[in-house]
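Visitor: Chains as they are written, first to last, in full-length UniProt numbering: chain A, 1 to 306; chain B, 1 to 311; chain C, 1 to 294.
Just so you know, the hints here were simulated from the structure itself, not pulled from any lab data. Hints may be right or wrong, so weigh each one.
As the list claims (entries may be wrong) - Here chain C is said to cover these stretches of chain A; the calculated rule only asks that three of the stretch's residues, wherever they fall, bring their Cβ under 8 Å from a Cβ of chain C: (1) 58-71; (2) 74-83; (3) 191-201; (4) 280-292.
Said to hold, decoys possible - Computed cross-link-like contacts, DSSO-like style, restricted to lysine-lysine with a CA-CA straight-line distance of at most 30 Å: (5) B:Lys27 - C:Lys179; (6) C:Lys179 - B:Lys8; (7) A:Lys231 - A:Lys122; (8) C:Lys180 - B:Lys27; (9) A:Lys306 - A:Lys262; (10) C:Lys289 - B:Lys126; (11) A:Lys194 - B:Lys58; (12) C:Lys93 - B:Lys24; (13) A:Lys143 - A:Lys158; (14) A:Lys231 - A:Lys155; (15) A:Lys206 - B:Lys73; (16) C:Lys3 - B:Lys217; (17) A:Lys206 - A:Lys134; (18) A:Lys194 - B:Lys73; (19) A:Lys153 - A:Lys206.
Quick caveat, the model's predicted, so the values are computed rather than measured. Every residue gets a Cβ at the ideal spot worked out from N, C-alpha and C, and that includes glycine.
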Amino acid sequence: MKKKFFGLLTFLLLAGIVLAACGNNGSNGNGNNNASENGGEEKQEKVTGSITAVGSTAMQPLVEEAASQFQAENPGATINVQGGGSGTGLSQVNEGVVDIGNSDVFAEEKEGIDANKLVDHKIAVVGMGPIVNKEAGVDNLTKAQLIDIFTGKIKNWKEVGGKDVDIVVINRAEGSGTRATFEKFGLDGAEPVKAQEQDSSGTVVKIVSETPGAISYVAFSYFNDSVVPLKIDGVEPTQENVETNDWKIWAYQHMYTNGEPKGLTKAFIDYMLSDEIQSNLIPELGYIPVTGMKVERDAQGNVTNK
Amino acid sequence: MINKEERKEAIEQWNNQTKVWTEKRGKAVTFLAVSVMILLSFSILIFVASKGITIFTKNNASLADFFFGTEWKPSAVNEEGRPLVGALPMIFGSFSVTILAAVICSPLAIGAAVFMTEISPKFGMKVLQPIIELLVGIPSVVYGFLGVSLVVPFLRNTFSGSGFGIAAGTIVLTIMILPTITSLSVDAIRSVPDSLREASLALGATRWQTIYRVVLKTALPGLLTAVIFGMARAFGEALAVQMVIGNSTVIPDSLFEPASTLTSILTMGMGYTVMGQVDNNALWTLALMLLLMSYVFIFIIRIIGRRREQQ
Amino acid sequence: MNKKLADRLATAVFYFIAGIIIALIAFLIGYILFRGITVIDWNFLTSPPRTSRPGGGIGPQLFNSFYLLVITLVITIPLSLGAGIYMAEYAKKNRFTDFLRTTIEVLASLPSIVVGLFGFLLFVNYMGWGFSIFSGALALSVFNLPLMVRVVEQSLSAVPQDQREAGLALGISRWETVKKIILPRALPGIITGIILASGRVFGEAAALIYTAGMSSPNLNFNDWNPLSPASPLNPFRPAETLAVHIWKINSEGIMPDAQEISAGSSAILVIAILFFNISARWIGRIVHKRLTAS
Numbered sequence: 001m002k003k004k005f006f007g008l009l010t011f012l013l014l015a016g017i018v019l020a021a022c023g024n025n026g027s028n029g030n031g032n033n034n035a036s037e038n039g040g041e042e043k044q045e046k047v048t049g050s051i052t053a054v055g056s057t058a059m060q061p062l063v064e065e066a067a068s069q070f071q072a073e074n075p076g077a078t079i080n081v082q083g084g085g086s087g088t089g090l091s092q093v094n095e096g097v098v099d100i101g102n103s104d105v106f107a108e109e110k111e112g113i114d115a116n117k118l119v120d121h122k123i124a125v126v127g128m129g130p131i132v133n134k135e136a137g138v139d140n141l142t143k144a145q146l147i148d149i150f151t152g153k154i155k156n157w158k159e160v161g162g163k164d165v166d167i168v169v170i171n172r173a174e175g176s177g178t179r180a181t182f183e184k185f186g187l188d189g190a191e192p193v194k195a196q197e198q199d200s201s202g203t204v205v206k207i208v209s210e211t212p213g214a215i216s217y218v219a220f221s222y223f224n225d226s227v228v229p230l231k232i233d234g235v236e237p238t239q240e241n242v243e244t245n246d247w248k249i250w251a252y253q254h255m256y257t258n259g260e261p262k263g264l265t266k267a268f269i270d271y272m273l274s275d276e277i278q279s280n281l282i283p284e285l286g287y288i289p290v291t292g293m294k295v296e297r298d299a300q301g302n303v304t305n306k
Numbered sequence: 001m002i003n004k005e006e007r008k009e010a011i012e013q014w015n016n017q018t019k020v021w022t023e024k025r026g027k028a029v030t031f032l033a034v035s036v037m038i039l040l041s042f043s044i045l046i047f048v049a050s051k052g053i054t055i056f057t058k059n060n061a062s063l064a065d066f067f068f069g070t071e072w073k074p075s076a077v078n079e080e081g082r083p084l085v086g087a088l089p090m091i092f093g094s095f096s097v098t099i100l101a102a103v104i105c106s107p108l109a110i111g112a113a114v115f116m117t118e119i120s121p122k123f124g125m126k127v128l129q130p131i132i133e134l135l136v137g138i139p140s141v142v143y144g145f146l147g148v149s150l151v152v153p154f155l156r157n158t159f160s161g162s163g164f165g166i167a168a169g170t171i172v173l174t175i176m177i178l179p180t181i182t183s184l185s186v187d188a189i190r191s192v193p194d195s196l197r198e199a200s201l202a203l204g205a206t207r208w209q210t211i212y213r214v215v216l217k218t219a220l221p222g223l224l225t226a227v228i229f230g231m232a233r234a235f236g237e238a239l240a241v242q243m244v245i246g247n248s249t250v251i252p253d254s255l256f257e258p259a260s261t262l263t264s265i266l267t268m269g270m271g272y273t274v275m276g277q278v279d280n281n282a283l284w285t286l287a288l289m290l291l292l293m294s295y296v297f298i299f300i301i302r303i304i305g306r307r308r309e310q311q
Numbered sequence: 001m002n003k004k005l006a007d008r009l010a011t012a013v014f015y016f017i018a019g020i021i022i023a024l025i026a027f028l029i030g031y032i033l034f035r036g037i038t039v040i041d042w043n044f045l046t047s048p049p050r051t052s053r054p055g056g057g058i059g060p061q062l063f064n065s066f067y068l069l070v071i072t073l074v075i076t077i078p079l080s081l082g083a084g085i086y087m088a089e090y091a092k093k094n095r096f097t098d099f100l101r102t103t104i105e106v107l108a109s110l111p112s113i114v115v116g117l118f119g120f121l122l123f124v125n126y127m128g129w130g131f132s133i134f135s136g137a138l139a140l141s142v143f144n145l146p147l148m149v150r151v152v153e154q155s156l157s158a159v160p161q162d163q164r165e166a167g168l169a170l171g172i173s174r175w176e177t178v179k180k181i182i183l184p185r186a187l188p189g190i191i192t193g194i195i196l197a198s199g200r201v202f203g204e205a206a207a208l209i210y211t212a213g214m215s216s217p218n219l220n221f222n223d224w225n226p227l228s229p230a231s232p233l234n235p236f237r238p239a240e241t242l243a244v245h246i247w248k249i250n251s252e253g254i255m256p257d258a259q260e261i262s263a264g265s266s267a268i269l270v271i272a273i274l275f276f277n278i279s280a281r282w283i284g285r286i287v288h289k290r291l292t293a294s
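I would like the entire structure built from these sequences, with the hints used as guidance.
Guide: What follows is the structure in structure tokens.
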């Protein structure tokens, strides 16, 4: 009896694998083909099939929520959104293993990615700013002071008009888009002192709120009452200031595709850029719509007016 | 017409053949299962090793730099054009938290094991053992958050510093490896034959003397094995450690300053790197080190086991 | 210090150690449950998570955790039974067996992050199965197999030798002896071991982040066709489990009640583990009574 059970189980398992593999590959291929054939009439046509978007965990909440709304309106479509980090997203879309690569940084900024192959879709702007622990006693810093704090030249808050509390620098993970943006536009490229690093924004906020004298930086959507968001040179970290580039620490959220997008991928990206998402979901989640930006910035950091 | 004799013989022959066939089949099935595992083990080694050595073969890093250097910035190069892959801070961090956790946890775990087997077996089996087993099920993420919410503030308020660091990592790991060391110690102590205990008591020794001089001594190899298993688990723990160690790639001045381990840097950095690039290869080298260390731990356990057999 | 005093002192120390451990564990579990229990209600357990609004739940994640466990068991139980039987009954004491045992132990002590990355390279990318339940189950099997083999082997070895001798004396082959006599006798131990191993698998996160993924597609619970993408039974869809979900919302969660959700999820996980442990013992006892008439 046991043997029969064994054999049956193994057979079922193998059969299951074969069936499912066929089924999965089949539905993927068919789905995309169908969608691109109908590309011309897509406005009326409901899009179907299944695609995968991988990459930045900072973008994940936004893309997931948009995907969920999209799937509610288009029941035949399945959009899988995964994290894995901007690096993973870019690698995977570069190799053609996934349909969309979500990234906090320009593809040009990561080595090993053939940026010419990839098509950039900027779907949102994320502003980020320094936050400090309430016991620091400051709410404004000059750019020079900010740089000196992060490079370790200033070690106590009283040196910048705050209370007599040691400064505890908390940096973000080496290689993260958040850190790259902050160092480029907030610290003007200065190399920060070796400090503890935290990967997750949620944990960073928690640590800053609990550690006396702590300073770090997060995206606007993570600001809350437990920490003090700093002004830089008197400029407040707000959406309006990002749109005019008065507040310089911001980055695009990119959705990269390998070549021009087609079918369900194109439909989804168009949806992300549509008014419905840009005017409602994006501000609701604390991001800034691309449409409101009064300036443009390229991969090298050159700013031009729109 | 086949007569009764011949029929009986024929049936017996058929049964025998089937038996042999069944026997062979059974053996084959089990052997297949075993081969799958060997295959798996080898493929993991090959995959991780091939990715792990690329930084030396393709990116021109030096082995000495890796083991003794303290600068970790793989995307940058030093004056000789070699990537900065000084992993010493992480190696130091991993070993420190592992060894410290083992040192603190072992007396507690072995004490609990002795309690469960010698002092109060009924209570031990019914209450203590299930409770300790509960710890196994708590996911590492939850341990991490307990660490950030409870351990780190406690350390920061009691001692100086930020609270993150080797001390926090050690405390979290001590709790995580407690069930491992305890249950293996229980096995080791239980396998000491009762006859030894009875002989000792018959000679007039007290229970403590019996435990100390007879049981623990005899179970020593098994207890050592338990501790090494615990260390292996601590060495390979990623999520929980990453949340409390601070992740600063320096060798800390104190137990309460941010440090880093092989696992914490690996976990944090993987998502931001691109496959095939220097920084990604460097992380795979860290993974390879973790893999090799687990082989070393197993090797040590084997040696202890062989010594036990020689006893 | 005479030996009677030493004995009393030692006993006290042991009681003290046991006491500290119990107090510590009770505190930890109590803290988790206390913080989480207020969040748990039917809505929490069945509704899908919400990205930015409060009131999200963990329904799909809970289902995924269980489903992933089931698939992992389906893969590992036959394999570990096979390997365990081989190790306990057929293997001779030679270098090959030693090597085998070492291999199994190595698999057991792999850091979970390494297994996850290996799974990412092999199952997700190379084999093309993508972020899926199947990739995740295979990654979990890498841990689970050695645990289970050890359980099976130990349970089989615990059956007294005279049972085997009796079998052979009756003229049945070794395989049949194992099948009909030894295995049933060892079954309670095996079942207990399986359930305990399941507890460990249930709480695993590091290996799954890169294999089963960090999101769950919209699940249509009315669709039971395992081949359709929206069906909960499809093994080729991404499946974020409860443990991974806790990690995710604590990392990048922007919903206002992130802390509550994570506390509630942790409490559910701990309750599930409690449940596994208790039923392991209980079922083991029942099976033992049934199968051995003792």
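Visitor: Look at each hint and say if it fits the structure.
Guide: Results of checking the hints against the structure:
| no. | hint | in the structure |
| --- | --- | --- |
| 1 | 58-71 | holds (count 8) |
| 2 | 74-83 | holds (count 6) |
| 3 | 191-201 | holds (count 3) |
| 4 | 280-292 | holds (count 3) |
| 5 | B:Lys27 - C:Lys179 | holds, 12 Å |
| 6 | C:Lys179 - B:Lys8 | holds, 26 Å |
| 7 | A:Lys231 - A:Lys122 | holds, 27 Å |
| 8 | C:Lys180 - B:Lys27 | holds, 15 Å |
| 9 | A:Lys306 - A:Lys262 | holds, 28 Å |
| 10 | C:Lys289 - B:Lys126 | holds, 19 Å |
| 11 | A:Lys194 - B:Lys58 | holds, 28 Å |
| 12 | C:Lys93 - B:Lys24 | holds, 20 Å |
| 13 | A:Lys143 - A:Lys158 | holds, 17 Å |
| 14 | A:Lys231 - A:Lys155 | holds, 19 Å |
| 15 | A:Lys206 - B:Lys73 | holds, 27 Å |
| 16 | C:Lys3 - B:Lys217 | holds, 18 Å |
| 17 | A:Lys206 - A:Lys134 | holds, 12 Å |
| 18 | A:Lys194 - B:Lys73 | holds, 11 Å |
| 19 | A:Lys153 - A:Lys206 | holds, 25 Å |
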